[in-house]
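Asker: The lines below spell out each chain.
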Amino acid sequence: MQLTASRLLMSHLIALAVFALVTLALVPLIYSSGGIANHDIQRYGKYLCWAALAVSLNLLWGYTGLLCLGQCVFFGLGGYAFGMYLMLNVGVDQVYKTALPDFMDFLGYTELPAHWKPFESFGFAVGAVIWVPGVMALIFGFLAFRSRITGVYFAIMTQALTYVAWILFLRNEFTFGGNNGFTDFKKILGANLYSHPHTSTNGKELLFFILSALLLIVTILLMIALTRTRFGKIQRAIRDSENRVRFSGYCTENFKLFIFTLAAIIAGIAGALWLPQAGGINGDVFLPRESLWVVVWVAVGGRGTIWGPVIGAILISALKSWAQREYENTWIIILGGVFLIIVLFLPGGISSLGKKLLGWIRICRSRTENFITNRKKKVDPNGDGEETLQ
Amino acid sequence: MKQITKTLKYIRCATFNSILAATVIGLAACGKSSENTTTNNTVGGSTGETVKVGVLHSLSGTMAISETSLRDVLLFTFDEINAGGGVMGKMIEPVVADGASDWPNFAEKAKQLLLDDKVSVTFGCWTSVSRKHVLPVFERNKGLLFYPVQYEGEEMSPNIFYTAEALNQQAIPAVDYLLAAGKKKFYLVGTDYIYPQTTNLVLFQYLRSKGIAEEDIGGGLRKEGNKTIGAGKYTPFSHTDYQAIVAEIANFSAGGDACVINTINGDSNVPFFKEFAASGLTAEDCPVVSFSVSEDEFRSLPTKDLVGHLGCWTYFMSLDTPANNKFTKSFASWLADTDVTGIKKEDRVTCSPMVLSYNGVYLWKKAVEKAGTFDPTAVMKALEEGISFDGPAGPVTSQKNHHLTKNVYIGETRSDGQFKVVKSFEKVYGEPFLEGTFK
Amino acid sequence: MRNLGLIIPLLLAIFGLPAVAVSESIKVREKLAEAAISSEEKQIQILESLIESGDPFIAKVLIAWRRGELFLIEHEGSTIPVLLENADSKEPVKAFALKNGKVLNGKSGKKLTFVPSQQKAAETTRNLRAQIKKTTDLLAILNPNPKLRAEAAFKLGSQGKPEYLTALKNRETVEDNPKVLKKIKEGMAISQLRIGDEKQRIQAAVNLGELRCIASLDSLERIIREQEKLTKGEKNIDLIRETSKAIKIIEVHKDWVNKGQTVFRGINYGAVLLIVSLGLAITFGLMGIINMAHGEMIAVGGYSAYLMQKWMTGFFGPEALQWYFLLAIPFAFLAAATVGLLVERSVIRFLYRRPLESLLATWGVSMILQQCFRLYFGAANVQVNSPDWLIGSVSVGDMSFNYNRLFVIAFAAVIVLGTGLLMSKTSLGLSIRAVMQNRDMAASMGIRTSRIRMVTFAFGSGLAGLAGCFLSQIDNVGPEVGSKYIIDSFMVVVTGGVGNLLGTITAALGIGTADRMLEAWSDSPVVGKVLVLSAIIIFLQARPGGLFAANSRSLD
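Chains as they are written, first to last, in this note's numbering: chain A, 1 to 390; chain B, 1001 to 1439; chain C, 2001 to 2556.
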């Protein structure tokens, strides 16, 4: 008994509706009744942004077969673009002597460098959140795909990219705050960014949570759409055998370039929404380690599935945050062990756990109905997800 | 067609998965909400027989190298105070969180310490970037943070108390000492972050005010118009190859009377000093005065290559005073007895940031007793009025500007990884704002 | 051979305190012993008088004195100045009386031992230290070792004191080593430049230019600056002209020297890259495992060196510091290979058909190992000492080459050669290549592929361990020592062409040299690195398969 395409669509949409209901109605309701603290809703908002980042990587890796080990470059660029706006709205503080960002004050700058000036405009900054990662991806993707850099080479190149970004952004002369980065944001569009005192709700914490939820919902809708369109089919075909697609007359480079740029833009927006909820950013967001975490989220959740990356990102981040307080010495070992086990024994990730469970349930149920028909259609748990990389 | 059925297989259980994802957030939210309604919302409260105190250091990642020692000494201090009857009759209950060398994570953990655990005070942070990340958290939530590591100054948050060395308690005395020793050329080298950048800029201005020519300040200058906005040579974090820089220093010092002001961070000092020694430069020709190398770092440095190089801190383990002997002895015996996981017991030393953490805890205890409450605002007020404590390195007194008056020592490295005090300055007033004050 | 000639006296100079103690004249010893317990005034007088004897032993004692390693021991009712067998030791050691070089005996004739840290060291005052410095400086130009003599001559000259100038002049007449003679001339010229009359100064500037003395640049430039401040009438036009001329000559010379040094730095950095990436060239290049735990295998090597040092010094005392490193090399290889073997058997062998997941699994392994190091060895880095034969440098003209850097190049050459021979000349190498190229075919020929892969991974890990052992000499040993190099290693292997050792060698040396040259050119380590990485990205545009891409007709 195969699910028909329309039933599958229905189940996805129902799930999305449940998700939307929880994040857009239930959580705000509890929050406004004082049930969720400001810092907790910020934390959940961060998880949602990370989930969106994981979904963007899944678009690349799960559906197109391009393993990007530098997805945080775009996440960070989005964050930095929006952070520049926020830094310029800190204002003259009692400690900092000028309206310049604090690190410029330290280093004796007397006026704003030219490339910072446009970021005084909110509109420009929001635009930059989209086009800076987009253009970066377009250039890098154009270079990489044109010369058919694929597989491991692509992965290592993107890792080099994030490494370059890291050493550049830690440099004070690069005028983006060096190692201190951007912190201590205060205002957005003239309003208070954070609630003050902490028990009130006069800040923008809920707004950013809802925006993050919306971003995730929109990207998931996009994923669902992609699995159904012709474009999505070609995309998956590229993952499974790029050469066959090319020989069929498609220009696979353009497809890949489009997907790469799209994923970068999603990551950039996620970064921009993440920043005010995290409270600060510095060059370490470009550490290769950070991008590897994203890959882990996707792999643990289940790559090439709609909801896998979301589950992976939220579960792992929540586990990490919890363990860092409960097992401050050994949390890394616990986390490393968890995903070693998942990689070794559950190659499809946590999503496939559901699939396996459902498979068993279905087997039990149908056994009572019709033993013989079901035996023929038993699902092979590891039958797909073949590697395209060698 | 095959592709579609394949995909179908893949996402057969989409409903299950999506509901799982949606409920993770929902459940977490509900769980939290029930927890929150039962506790009161005041920060700085203490319940029952204990008072909660936060410890926020990196126990993993790059900064774990330095910060775990501070965690250890803090736990020791708490035990020592508890053994003496606690603070105002309440036992200290430490809440340790791992900052994990991840700065936004520092902010998140600070929020949790303040709002979920409701700690009365937090001791923590090493790097400037971590302090910058938690600063708004402490300010918004009216918390209290004690910061123990030498830093660049130019900051005075109402909610942070800086037991750390300010620039005039470390860099300036060291340079004074070198000037008095007849040094005429200064090479500035550091890791590229805000502490070395600011320190070197201040030192550049200071040296110029003492009549040292621009050509005699090595490492390069960065200018905006006529104004110097950067001095010194900078390497990225974890830099390992100092051949080019040491060669430059060798050239710079060939004429004699030169010295090096080193603000290289943590582990990069090892390749720097190995290269320095390997190229035949010695402390006699060209002494290096380091601001980020304490006894704790010496544990990993080849100390025989470092004999004679200088350090400047407000505490040395080798200080031969009764207070210090007692401190080092009780810390050693505590280390031997402790059963906290992750604490290394062999080859341990004490150093300035550790003692400043120790002093911070006692200052906080005295301030709480003076204020008669654990409320951070009242405690900070008591600190601002001036509280003295006889620490291992001599008396320290809190100042109105949230810094400490303390003794400053300049030491020469001995071959056993300790410092021999060659000069001391008594009761130096901590002054955080120095940039632009020397003309 | 010239190195050896330098190393031996150096070794003696630093560690030979008690060893050469016997040969010194009793008179000198007695004077020194007297000085150690005299008043400051008398001490200075005695030291002044000791200079002419030219005995290098005096300098050794004085250096020990200044370091606080000359001890005063109360013995049989009198205070006796002694030198201890090893001043750093935490255990009791023998004491040699300064007076006669004999071991201090107790009443029963038994040798007495002392713990250095519990003994009283002879104090030094500021004035005494100044005198000690002067005495050692002047003694140094009489040192039998020409290298030390040359250094000392120059140092004396650059202090610009008349009494030193006289000492140099005296020495010039008897000196026969041309290198030392050059340095003495340079020193004299610099002295004259500072303290001579106008004519001598002009002559000194001309001399310095002819000698191409880089170290004098500073003094010459100071002359120009001083002259510029003077009014027109006071200026010495000839001096300015000659000095500028000399500066120009020296600048050109310095430029060439710097270029040479940069190339050398590039080559040895390339050798470092080669050493750290060779293991990865096996595990990633040949086996296709995206081995993120490579860095931790390097750390295992580093910690092996640390353990070996700890054991050997614990067992044989501090002399073991000179040779423990030779034992550490094979030990590091074996330790890392064993860890690699365990990782392969427990994790990697399940992932040969899923290379991308090997990335995740090895990253998990790397996180776990890293935290284990932290918990076991402590979060702080551990201290690994370099043997003395790796400290110091040899100079050719004005270029100097550090021993440890020369050692890198030799070390890289040896392990590359070893690996190359193993791969091409042994039957094991043949099997490895067969399995890596086509596992199924190899299996059908009767090769036990599973075992071969196990051995290959262990071998690759062992190479990483060697790298870590070597890095302990120039870098930290700590939990994160390896992870710093992991990106560089991957870049080297990818640029060279996956699965090709020759490619790895070429890429490592190429990237190393380019990196250092760009660093020198841009005067910033960061810019150099960014440019190199960008260049690699562009380069892979042209050759997506790397330098030596394997030719294949197969698709995907």
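Simulated from the structure, these hints should not be mistaken for lab results.
From the three backbone atoms N, C-alpha and C, an ideal C-beta is built for every residue, glycine too.
You may find that some hints are simply not true.
[As the list claims (entries may be wrong)] Subject to a maximum C-alpha distance of 27 Å in a straight line, what follows is the list of computed DSS-like cross-link-like pairs (lysine-lysine):
id, chain 1, residue 1, chain 2, residue 2
1, B, K1420, C, K2133
2, B, K1344, B, K1370
3, B, K1420, C, K2182
4, B, K1183, C, K2161
5, A, K117, A, K186
6, C, K2161, B, K1184
7, B, K1142, A, K186
8, C, K2182, B, K1304
9, C, K2254, B, K1329
10, C, K2134, B, K1185
11, C, K2182, C, K2232
12, C, K2042, B, K1184
13, B, K1184, C, K2155
14, B, K1344, C, K2161
15, C, K2229, C, K2161
[Said to hold, decoys possible] Just so you have them, the derived chain C footprint on chain B, three or more residues with Cβ under 8 Å:
id, region
16, 1167-1180
17, 1299-1308
18, 1315-1326
19, 1414-1421
Asker: Evaluate each hint against the coordinates.
Answerer: Each hint, compared with the structure:
no.: 1; hint: B:K1420 with C:K2133; result: holds, 19 Å
no.: 2; hint: B:K1344 with B:K1370; result: violated, 36 Å
no.: 3; hint: B:K1420 with C:K2182; result: violated, 39 Å
no.: 4; hint: B:K1183 with C:K2161; result: holds, 17 Å
no.: 5; hint: A:K117 with A:K186; result: holds, 19 Å
no.: 6; hint: C:K2161 with B:K1184; result: holds, 17 Å
no.: 7; hint: B:K1142 with A:K186; result: holds, 16 Å
no.: 8; hint: C:K2182 with B:K1304; result: violated, 32 Å
no.: 9; hint: C:K2254 with B:K1329; result: violated, 55 Å
no.: 10; hint: C:K2134 with B:K1185; result: holds, 21 Å
no.: 11; hint: C:K2182 with C:K2232; result: violated, 36 Å
no.: 12; hint: C:K2042 with B:K1184; result: violated, 31 Å
no.: 13; hint: B:K1184 with C:K2155; result: holds, 16 Å
no.: 14; hint: B:K1344 with C:K2161; result: violated, 53 Å
no.: 15; hint: C:K2229 with C:K2161; result: holds, 24 Å
no.: 16; hint: 1167-1180; result: violated (count 0)
no.: 17; hint: 1299-1308; result: holds (count 9)
no.: 18; hint: 1315-1326; result: violated (count 0)
no.: 19; hint: 1414-1421; result: holds (count 4)
Hint check: violations occur at hints 2, 3, 8, 9, 11, 12, 14, 16 and 18; the rest are consistent with the structure.
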